[in-house]
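*Asks:* Use the sequences and the hints to build the structure in full.
In case you want the letters, here they are:
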Amino acid sequence: NAGVMQNPRHLVRRRGQEARLRCSPMKGHSHVYWYRQLPEEGLKFMVYLQKENIIDESGMPKERFSAEFPKEGPSILRIQQVVRGDSAAYFCASSLQVNLYEQYFGPGTRLTVT
Amino acid sequence: KQEVTQIPAALSVPEGENLVLNCSFTDSAIYNLQWFRQDPGKGLTSLLLIQSSQREQTSGRLNASLDKSSGRSTLYIAASQPGDSATYLCARREAGANNLFFGTGTRLTVIP
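Residue numbers (this note's numbering), protein chains in the order written: chain Z, 15 to 128; chain S, 130 to 241.
No wet-lab data here; the hints were simulated from the structure. Accuracy of the hints is not assured; some may be wrong.
As the list claims (entries may be wrong) - Covered stretches of chain Z (in silico footprint by chain S; criterion: 3 or more residues with CB under 8 Å from a CB of chain S, positions within the stretch not fixed):
(1) 23 to 35
(2) 58 to 65
(3) 116 to 125
Only a predicted model underlies this, so the values are computations on that prediction, with no experimental measurement involved. Just so it is clear, CB atoms sit at the ideal spot from N, CA and C, and this is done for glycine as well.
*Replies:* Okay, structure coming up:
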């Protein structure tokens with residue numbers, strides 16, 4: 015049973031470009047969470063999605079960031095017009111259900127904006 | 130304001146020593162608490178999950194406890210090994226919330 019998969023593992027973008035980060039949850043998991051870890055800081059929640067629905071985006075920056083989890087395929091975190099401050103590790107987690115179950119994390123995507 | 134604090138920020142111990150990592154949180158309305166380890170440049174590995182109705186969980190050499198009234202959790206590692214060297218994170222979930230609130234972690238080094 016494969017764990018949570020994220021790709022790419024490393025992504026380099028120039029300022030102003032778009033970054034697309036992908037997350038495939040564990041088999042059977044329909045709840046996906048995105049977290050961001052800025053350098054020397056703890057992980058911060060960004061968004062929680064179920065299939066085709068954004069449930070909680072209270073941690074998402076108001077501009078340039080969007081997320082989706084389509085009926086088929088991976089969840090996508092999209093960052094438009096990246097800036098240097100977007101450089102961070104972006105982690106995806108999935109769970110079987112939202113409350114009682116553990117969140118399982120992927121290996122992360124390390125975004126570097128040059 | 131919800132805060133999760135982990136002290137110390139860094140800890141070095143000789144191999145074989147038993148050790149305790151601390152996690153404290155400001156709000157007692159906790160639903161569950163999860164301990165993770167993070168290796169440099171890697172993702173998070175879940176170690177233990179404690180529901181609010183539980184007081185402790187054990188897995189191998191690891192034991193995690195939860196005291197809601199005092200807002201504290203501890204992770205006990207017995208007979209530490211160099212392979213235990215990593216950053217240990219605790220994360221709490223509040224009742225009704227969808228996400229985890231993370232502490233900033235304790236960086237553990239076990240010296241052979």
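*Asks:* With reference to the structure, classify each hint as holding or not holding.
*Replies:* Status of the hints after comparison with the structure:
1. 23 to 35: It is violated: at least three residues are needed, and the segment 23 to 35 of chain Z offers just 0 whose Cβ sits closer than 8 Å to chain S.
2. 58 to 65: holds (count 3)
3. 116 to 125: holds (count 8)
When each numbered hint is compared with the structure, a violation occurs for hint 1 only.
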